[in-house]
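There are 2 protein chains.
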Amino acid sequence: MDIDLNGILNSKRLAISRALSFVENTDNLDMELTDALFKHLGRAYRIGVTGPPGAGKSSLVDRIITYWRDQGKRIAVISVDPTSPFTGGAILGDRVRMGRHYADKGVFIRSMATRGSHGGLALRAQDAADIFDAAGYDIIVYETVGVGQVELDVAKAADTTLVVLVPESGDDIQAMKAGLMEIADLFVINKADRQGANQAFAQIQSMLEMRHPEKGLWPPQVIKTSALQDEGITDLTTALIEHRQFLDEHGIIRQNFRDRIQFKIQSHIDENVLHSFWTQGRARQLDQAMATEKVRNILPGKIVAALLNDETK
Amino acid sequence: MDIDLNGILNSKRLAISRALSFVENTDNLDMELTDALFKHLGRAYRIGVTGPPGAGKSSLVDRIITYWRDQGKRIAVISVDPTSPFTGGAILGDRVRMGRHYADKGVFIRSMATRGSHGGLALRAQDAADIFDAAGYDIIVYETVGVGQVELDVAKAADTTLVVLVPESGDDIQAMKAGLMEIADLFVINKADRQGANQAFAQIQSMLEMRHPEKGLWPPQVIKTSALQDEGITDLTTALIEHRQFLDEHGIIRQNFRDRIQFKIQSHIDENVLHSFWTQGRARQLDQAMATEKVRNILPGKIVAALLNDETK
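In the order they appear, the protein sequences are chains A and B. Okay, so the first sequence: first residue is 1 according to the working numbering, each after it adds one. Okay, so the second sequence: first residue is 1 according to the working numbering, each after it adds one.
Honestly, the hints are just simulated from the structure, not real lab data. Just so you know, even glycine gets a beta-carbon here, dropped at the ideal spot from N, CA and C. Mixed in with the good hints, there may be bad ones.
What follows is a set of in silico ranges between Cβ atoms, one per label pair, in the way DEER data are often shown [stated by the list, open to error]:
| id | chain 1 | residue 1 | chain 2 | residue 2 | range |
| --- | --- | --- | --- | --- | --- |
| 1 | B | G216 | A | W218 | 51 to 57 angstroms |
| 2 | B | E249 | A | Q205 | 18 to 24 angstroms |
| 3 | B | S17 | A | A305 | 48 to 54 angstroms |
| 4 | B | Q229 | A | G251 | 35 to 41 angstroms |
| 5 | B | R254 | A | T234 | 57 to 63 angstroms |
| 6 | B | L299 | A | D193 | 32 to 38 angstroms |
| 7 | B | F257 | A | T234 | 28 to 34 angstroms |
| 8 | B | S21 | A | A202 | 52 to 58 angstroms |
| 9 | B | H40 | A | Q280 | 32 to 38 angstroms |
| 10 | B | D248 | A | W218 | 51 to 57 angstroms |
| 11 | B | G216 | A | D104 | 45 to 51 angstroms |
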């Protein structure tokens, strides 16, 4: 790839766009881009926003953008689309909803499609964030639709993870609690003008109190907002800033940085190893084994063993 | 593993439970279980149920169980928990909600935790379904929380995929539409006694009409239900049966069966290849590279290359 490193470092939109497309569209099996950017990483604050569809994540991110733009900060948003493996598409709705920031040079919003591989989505989101980090964006927001495994992985690639719920989520808080507790630094009850907001608030609070966080760990907070009515946004951004300070003071930002590199290295190695294994010959061998008319007569374990043991392909 | 194949084939609960635990708790790197069960697969009808948290999936599955139990069918439910990588836990809420079927010998409900690997979750859900299939269960329901990548993978492992929404999901239908359209055979608008149900219904209908499915493809349907009020359940089960007949008549059941085996074979090979690569020596090498005080001085691409090129570890 022809990486325009100077263009990225000088925050040229074209250079950034091209690098993002590279991340999205290539197998990215070498780490050329990572190595080029590496010395320029570590300044940006990375916020992951996750939660069920319908929680109003995009509207909330829209408000966060406005808040930080008013403070002169530059902000990038990466919308990660878990459905895209099926379509190659991106989250149209989000683009529309955050559209009014498109003319603002201090805001860069990008929907990321993925190309099927599982670990790949989280990895590519991280690569994209690295580009924005190197380009001098102050704040990077990963936004995901859903609360599944990949979304949680993406959230883990952030310094602060915000889990957005709505008053009606009450039923599910119980079910999801263990997993959410593990990743949420801040809970947001959005659409808090709706019925049940106080109940949901109390429910999460009591969940958090039961937990007795270890000393030195951040005690997660619950914040009520209404993105549409522009309420609670200052509470939210204040909590975000407090969390970031906490991370800084406890050396966690540095540890997160290290963990993300290790994740990236390990994922790249895995991709390479599998890429080397799946030669055309082996892929053909598997296809042929499956193409037999009498699929009932094959033994799957035999096919696995044959492919693993054949060194000649 | 000591697989009690006869126990499974005779549908002994203890044998099934032990096989499920095996699937859940081992790396399952050989395909001993798959090969043992293989000749006994293909009878069960596999239904995937997915949709956002709060859509009432568990209540709906509960009604489906009751309906088919009244017809004398045996039914297994696999609740796949995407949050469990963080906790090892399972979906407590679902167990509680479907608890009244626990005493029924014709019903087997199992929450599946996973152990971190991405492809692993979908793969293990499929292994679990194979056990129930071999044990003679007529219907197997995969239930997932969320609409993320892994959940969609799990849904793809089913013959029929049901996407459950609520009237309030309207906002998100637009955003998720491409991905959902690709996988949903049936859309259910649950909690249809709530405001906005007809609007959501019309929205999905018009989406489906715009699509002009190719001849020979199943035209997805929309069904309104209220699981709590026990309304629309017969409509839903009728549509499920129609879809299954359609699949049978078009040879799709057989193709699905083949695709699932191929997915399983490929995933097992991938796991084996990575397992062979990550020797203790290589894992230590990566840890040591990351443990350096001056993480800023490393070049990630160099570490990748060193690990990939060193054949001696």
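query: Hint by hint, which ones does the structure fall short of?
result: 2, 3, 4, 6, 7, 8
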